[in-house]
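Residue numbers (the UniProt record's numbering), protein chains in the order written: chain A, 1 to 265; chain B, 1 to 210; chain C, 1 to 210.
It is worth saying that the hints were derived from the structure and are not from the lab.
The reader is advised that the hints may include incorrect statements.
[As the list claims (entries may be wrong)] DSS-like cross-link-like pairs, simulated, lysine-lysine; straight-line CA separation at most 30 Å:
1. A:K91 to A:K173
2. A:K173 to B:K145
3. A:K242 to A:K224
4. A:K47 to A:K91
5. A:K242 to A:K262
6. B:K94 to A:K173
7. A:K224 to B:K94
Model, not experiment: these values are computed from the prediction.
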Amino acid sequence: MDGGQDFADRQSHASVEERRAAEALIVDVEGFEGPLDLLLVLSRTQKVDLRQISILALAEQYLGFVERARELRIELAADYLVMAAWLAFLKSRLLLPPDPQGEEPSGEDLAAHLAFQLERLQAMREASAQLMARPRLGREVFARGAAEAVTVHRSTVHHASLLDLMQAYARVKTRDEFRPFVMDRRDLMTMEQALDRLRAMVGEAADWADISAYFPEDWRAAPKRRRSATAATFAASLELAKEGRIEIRQGESFAPIEIRRKDRA
Amino acid sequence: MTEIPETAQFDAPSREEAERMLEAMLFASAEPLASAEMARRLPEGTDVAGALEALRARYEGRGVELRRIGDAWAFRTAADLGHLLERHAVETRKLSRAATETLAIIAYHQPVTRAEIEEVRGVTVSRGTIDQLIDMGWVRLGRRKMTPGRPVTFVVTEGFLDHFGLQSARDLPGLRELRAAGLLDNRPPPGAGGEDEGAEDEAQDSLFGT
Amino acid sequence: MTEIPETAQFDAPSREEAERMLEAMLFASAEPLASAEMARRLPEGTDVAGALEALRARYEGRGVELRRIGDAWAFRTAADLGHLLERHAVETRKLSRAATETLAIIAYHQPVTRAEIEEVRGVTVSRGTIDQLIDMGWVRLGRRKMTPGRPVTFVVTEGFLDHFGLQSARDLPGLRELRAAGLLDNRPPPGAGGEDEGAEDEAQDSLFGT
Chain A
1 MDGGQDFADR QSHASVEERR AAEALIVDVE GFEGPLDLLL VLSRTQKVDL RQISILALAE
61 QYLGFVERAR ELRIELAADY LVMAAWLAFL KSRLLLPPDP QGEEPSGEDL AAHLAFQLER
121 LQAMREASAQ LMARPRLGRE VFARGAAEAV TVHRSTVHHA SLLDLMQAYA RVKTRDEFRP
181 FVMDRRDLMT MEQALDRLRA MVGEAADWAD ISAYFPEDWR AAPKRRRSAT AATFAASLEL
241 AKEGRIEIRQ GESFAPIEIR RKDRA
Chain B
1 MTEIPETAQF DAPSREEAER MLEAMLFASA EPLASAEMAR RLPEGTDVAG ALEALRARYE
61 GRGVELRRIG DAWAFRTAAD LGHLLERHAV ETRKLSRAAT ETLAIIAYHQ PVTRAEIEEV
121 RGVTVSRGTI DQLIDMGWVR LGRRKMTPGR PVTFVVTEGF LDHFGLQSAR DLPGLRELRA
181 AGLLDNRPPP GAGGEDEGAE DEAQDSLFGT
Chain C
1 MTEIPETAQF DAPSREEAER MLEAMLFASA EPLASAEMAR RLPEGTDVAG ALEALRARYE
61 GRGVELRRIG DAWAFRTAAD LGHLLERHAV ETRKLSRAAT ETLAIIAYHQ PVTRAEIEEV
121 RGVTVSRGTI DQLIDMGWVR LGRRKMTPGR PVTFVVTEGF LDHFGLQSAR DLPGLRELRA
181 AGLLDNRPPP GAGGEDEGAE DEAQDSLFGT
């Protein structure tokens with residue numbers, strides 16, 4: 001960088017003015033979008049192409065700014081101080097002869113990168129301004145005011161897979177097995193029904209007969225109905241036995257239950 | 001509030017320019033624009049009526065046309081192209097549970113009467129459900145049954161076999177196979193559509209020992 | 001959802017007729033229409049690209065112009081007539097400087113990560129800034145970058161192009177000059193990591209197709 005000599009010249013007659021400018025900037029510190037923004041503003045005071053700015057002079061200006069801010073007891077955000085420290089480091093790099101070992105990036109490289117960053121930020125600012133200045137939709141350019149919506153006609157196609165079908169069938173066929181019994185009035189004989197039937201028939205029952213003989217015709221075959229008829233008829237016969245109208249007997253456990261009329265002698 | 005014509009300070013535009021201006025205004029407006037309103041927004045001395053007439057002629061026979069609606073004007077899509085503003089969307093939806101069950105019963109029991117379907121399902125089958133299956137081309141009317149009342153029967157169609165990849169309705173797996181394949185549902189909770197899987201099935205099977 | 005092309009059964013229309021049809025569709029829509037969508041709604045075999053080009057030429061210099069926006073097309077009023085139409089203008093929230101700069105960086109550097117945006121601006125980018133741009137429909141998430149951490153990238157949308165009257169991101173003002181000046185390069189600070197500029201450049205080349 002060509003910084004050194006140039007900067008020394010400038011400082012001699014421009015420093016007062018610059019200090020004043022720095023103070024003005026400090027008042028405005030809230031208005032900056034960070035240290036890079038501030039550096040960009042400072043670089044403009046050099047009034048040259050960004051590619052030709054003296055990074056050393058810029059670093060001086062920035063450090064001067066931070067110094068003034070301290071004197072004026074203005075709180076600066078941490079990133080401003082980080083930048084100040086970095087610029088102080090850069091300044092020393094630029095002023096000292098390069099490290100012969102050459103491991104670290106040289107002051108020139110660092111300065112060049114900072115110059116690139118400033119130029120890039122400036123370029124993006126200008127690009128953003130150009131973008132915003134374009135004729136914009138809804139401001140200078142307009143879309144169709146009375147847009148006609150496309151009418152969408154929806155139709156529905158139903159589908160089912162073989163699996164759906166089989167599951168549905170299985171569901172239907174097994175539903176009966178699990179249906180809550182209260183739902184099954186059809187297949188359920190109540191004790192009242194059995195009692196009515198038995199009362200009507202028992203007058204004829206002079207001989208012992210299996211209670212199943214008293215089931216209605218259509219309650220004999222289907223196991224479920226037969227079970228229900230058995231239970232209801234058995235309960236009814238207990239009731240009639242209690243009333244003293246019939247007798248009950250069973251040969252042994254699980255043997256058929258038989259009833260007959262009890263003659264009131 | 002008074003409107004200050006924005007462009008009144010300019011000279012009256014050429015016919016060509018007036019047409020451009022009207023074109024833009026009419027295009028951007030959400031509603032038909034009264035010619036008086038357009039005149040107010042154009043430089044003084046603009047021949048609005050003439051330019052509108054020229055514009056109408058320019059668009060005649062195009063895909064959009066400039067129409068006069070009372071005192072106002074608007075661009076409108078040419079009437080013969082209205083169909084381009086329509087789109088047909090077909091949505092695929094799963095067949096309802098009632099319809100699937102009814103279809104399954106028809107497939108397994110065909111030819112089957114409506115009363116028989118209801119007998120198997122344990123609930124009444126709505127007219128609409130069978131109609132839907134007929135509309136879909138999966139079910140058709142079979143021969144009448146030779147029982148009192150000669151009720152109509154329902155059978156599945158070629159289209160049904162085709163859709164489900166079956167040679168014939170006899171290819172449908174039996175209950176035993178369904179159970180072996182773990183396809184038997186458990187009891188559906190009343191009201192809820194119970195599509196639950198295997199684990200419970202097993203438990204219930206052993207419980208009821210069928 | 002399957003689309004059934006309404007007019008597929010007809011023969012391909014003449015150029016004149018295809019123009020009318022496109023004109024009607026495009027005029028009716030406030031949003032840009034993708035050419036694929038238009039092709040779907042037109043009879044099979046229609047030379048959509050050719051008819052669109054012809055239509056664009058026909059409207060050149062008129063009050064309403066046919067603009068290409070990415071893969072889509074839309075009629076828009078000519079930019080020089082905005083003053084006549086200001087009454088239609090929708091007052092949009094004024095974007096902050098942070099937002100406009102972030103937008104420009106995304107547009108010129110896309111696909112770009114948040115860290116890269118911060119690198120250019122020299123300050124952290126608040127969550128809200130990018131959210132606002134996304135809300136406005138100008139920015140969306142792009143593909144993740146193939147770098148450690150696979151950070152998400154941001155790119156500009158078709159809505160952005162439409163809003164700023166750009167046919168593609170290649171037409172951004174000053175893009176060529178910025179590229180030539182190397183200002184769109186991703187240049188890592190000296191001493192920080194390797195010289196991996198090649199890969200980045202390639203990505204941008206393919207994006208901007210230069």
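Hint check results:
The suggested pairing of K91 of chain A with K173 of chain A is violated, with an alpha-carbon distance near 90 Å, which exceeds 30 Å. Taken as a hint, the K173 of chain A and K145 of chain B pair is honoured in the structure, with Cα atoms around 23 Å apart against an allowance of 30 Å. For the suggested pair K242 of chain A and K224 of chain A, the alpha carbons sit about 27 Å apart, so the restraint of at most 30 Å is met. Between the alpha carbons of K47 of chain A and K91 of chain A the distance comes to roughly 21 Å, so the proposed pair stays at or under 30 Å and holds.
With a C-alpha separation of about 11 Å, the suggested pair K242 of chain A and K262 of chain A falls inside the 30 Å cut-off, and the hint holds. With a C-alpha separation of about 21 Å, the suggested pair K94 of chain B and K173 of chain A falls inside the 30 Å cut-off, and the hint holds. Restraint check: the Cα-Cα separation between K224 of chain A and K94 of chain B comes to about 36 Å, which exceeds 30 Å; the hinted pair is violated.
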